[in-house]
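Colleague: Given only the sequences and the hints, what does the whole structure look like? Please build it.
Chains as they are written, first to last, in my numbering: chain L, 1 to 308; chain V, 1 to 308.
These are computed hints drawn from the structure, not numbers from a lab.
Be a bit skeptical, because a hint or two may be false.
Identical copies look the same in the list; a pair holds intra-copy or inter-copy alike.
[What the hints assert, rightly or not] Simulated crosslink set (EDC-like; lysine to aspartate or glutamate; CA at most 20 Å straight-line):
no., residue 1, residue 2
1, Lys-284, Glu-223
2, Lys-153, Glu-8
3, Lys-169, Glu-146
4, Lys-151, Glu-139
5, Lys-169, Glu-71
6, Lys-169, Glu-150
7, Lys-3, Glu-161
Number of protein chains: 2
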Amino acid sequence: MKKVLLTEVNISEGRDAALVNRVAEAIRRFPGLRVLEVTSDADHNRTVLTYLGEPQHVLQATQALAATALELIDMSRHKGSHPRLGAVDVVPFVPVRGMGVAEAVEVARAFGRFMGSRGVPVYYYEEAALHPGRTLLPEIRRGEYEGLSEKLKDPQWLPDEGPATFNAKSGAVVTGVRFPLVAFNVNLRTRDLAVAQRIARAVRHSSGGYRHVRALGLALEAEGMVQVSMNLTNYTLTPIPRVFETVCAEAARDGVSVAGTELVGPVPLAALEEIVRHYLQAHKFSMSQVVETALLDSGPGDPEPCPA
Amino acid sequence: MKKVLLTEVNISEGRDAALVNRVAEAIRRFPGLRVLEVTSDADHNRTVLTYLGEPQHVLQATQALAATALELIDMSRHKGSHPRLGAVDVVPFVPVRGMGVAEAVEVARAFGRFMGSRGVPVYYYEEAALHPGRTLLPEIRRGEYEGLSEKLKDPQWLPDEGPATFNAKSGAVVTGVRFPLVAFNVNLRTRDLAVAQRIARAVRHSSGGYRHVRALGLALEAEGMVQVSMNLTNYTLTPIPRVFETVCAEAARDGVSVAGTELVGPVPLAALEEIVRHYLQAHKFSMSQVVETALLDSGPGDPEPCPA
Chain L
1 MKKVLLTEVN ISEGRDAALV NRVAEAIRRF PGLRVLEVTS DADHNRTVLT
51 YLGEPQHVLQ ATQALAATAL ELIDMSRHKG SHPRLGAVDV VPFVPVRGMG
101 VAEAVEVARA FGRFMGSRGV PVYYYEEAAL HPGRTLLPEI RRGEYEGLSE
151 KLKDPQWLPD EGPATFNAKS GAVVTGVRFP LVAFNVNLRT RDLAVAQRIA
201 RAVRHSSGGY RHVRALGLAL EAEGMVQVSM NLTNYTLTPI PRVFETVCAE
251 AARDGVSVAG TELVGPVPLA ALEEIVRHYL QAHKFSMSQV VETALLDSGP
301 GDPEPCPA
Chain V
1 MKKVLLTEVN ISEGRDAALV NRVAEAIRRF PGLRVLEVTS DADHNRTVLT
51 YLGEPQHVLQ ATQALAATAL ELIDMSRHKG SHPRLGAVDV VPFVPVRGMG
101 VAEAVEVARA FGRFMGSRGV PVYYYEEAAL HPGRTLLPEI RRGEYEGLSE
151 KLKDPQWLPD EGPATFNAKS GAVVTGVRFP LVAFNVNLRT RDLAVAQRIA
201 RAVRHSSGGY RHVRALGLAL EAEGMVQVSM NLTNYTLTPI PRVFETVCAE
251 AARDGVSVAG TELVGPVPLA ALEEIVRHYL QAHKFSMSQV VETALLDSGP
301 GDPEPCPA
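Modeller: Have a look at this one:
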């Protein structure tokens, strides 16, 4: 398995466990696929299914999952507190290993054509967007399912695939590609929230900082500290060590020391490469030197053929 | 595949490619095993076969490989420049992932009993040694194949498994366990070899340094630099960042700066964990957060069952 693609499929059902289970079953029978999480939220009435594997397996599994969800979910009866457009609401594909954004976009487009052929209007977003106004999910989802019938009459909102007519049962689907996101928090030994807020402004793109950083300053009441909470949206162009060193330098300016950091949730192996290169000055180091990568490259995507 | 064991089997044949190929074939048919390298040296008349996989698969494959090598190699005709005791000369097992030294020792002992049952005297070395005088390979191999007949008459050299009688065709085998070794070199911006030699003495165990460091100072003539060349023999107890920071501090004392470092050859994922924790102060970081580890844990060691 030289290439690994991850997806987080958001479907509009989070209360009917039997229904969710039938949808999840559709992906569980695909060999070489690894299901990381199936998380339902009753208030949101929404389930997120996260899985990864070889790109073609992920595409096939996602089509099977979507077909099941389209059959079982009726949006005309759906209520929930989370914004949504359709039964299969959002399907982001995330290139994790051995593939770039462009190759993941091909998978998203293949999935989009599949959904279009099933009579569902499709919008491409983020890295797969075909229109500048369609990169951000909240923009596309504005008005939600209830406003979709009117939205589809607006020439600005002609779908990228599928019919431009309202599908009452299934709504619309948003699919696309995003780079793996790294959630990185730095805790500072002060109770002064202004310090964390100033540093967040210094490093984030929106106020003059790094291109691929979103950041907020937060109070950690229980710890008696403050935190610079960040999302790094492209660890290749804006690597973790560079951002961390900038936070440290800005904190030192205020005489504040770093208590520790948190890398939250899943991290692609490639995002750690620059940490080793930077801090050890190991200029030629590559994660392909990691012993276990030999197993990934021969991995479950290429199962042994069964005897005839 | 939650556990990964690696082995580097050294056999005493490096000239007869057809023979080497027949030996290598014995492991290639094992599913879920990954062959990293088969390297023959004609002067040494020796081949190293490196492969990894789930521990029980590695054991079975190594037994199959050894049985083939015992059948095909005749030590009474062997000539080569590398020290050796037997047809299957040295078999170190290296726990790479999800298992400790003790579990790897069980595999080495099972392999030792197998070789003993085939009429080959067996010595356990390094972490699998049963006698204090048998930890180091050169000690066990002293006198080589040619001296083995006499050696076996010495009560001090009774084998750990198998007959205490000389096996002219197969010689003896040395098997055991070693912790994964990290080869780590630091290049210094000076031509003064004495600086590298002094730092090597400062960090290595034999002259008062860290418990699990072996080190040498070398000249890099072509680069006009010197190098502290190190083997870290236990990255858990003597982690990479601690050793690197000590080298940097000692170099700074002489006003010499670090040009760069090299992590040479394969590195277990676990050896990099402390680099992330140390330099990012990410105290709770674990390599289990790496996305790809989900694939390793469901990996080729557990192939999908074939339909009946």
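Colleague: If a hint holds in the structure, say so; if it does not, say that too.
Modeller: Now for the hints, and whether the structure bears them out:
1. Lys-284 with Glu-223: between (39 Å within a copy, 16 Å between copies)
2. Lys-153 with Glu-8: Answer is neither: 29 Å inside a copy and 67 Å across each miss the 20 Å cutoff.
3. Lys-169 with Glu-146: within (12 Å within a copy, 83 Å between copies)
4. Lys-151 with Glu-139: Close inside one copy (12 Å), not across copies (81 Å); limit 20 Å.
5. Lys-169 with Glu-71: within (9 Å within a copy, 70 Å between copies)
6. Lys-169 with Glu-150: For Lys-169 and Glu-150, the Cα distance is within 20 Å only inside one copy (16 Å; across copies 87 Å).
7. Lys-3 with Glu-161: neither (27 Å within a copy, 45 Å between copies)
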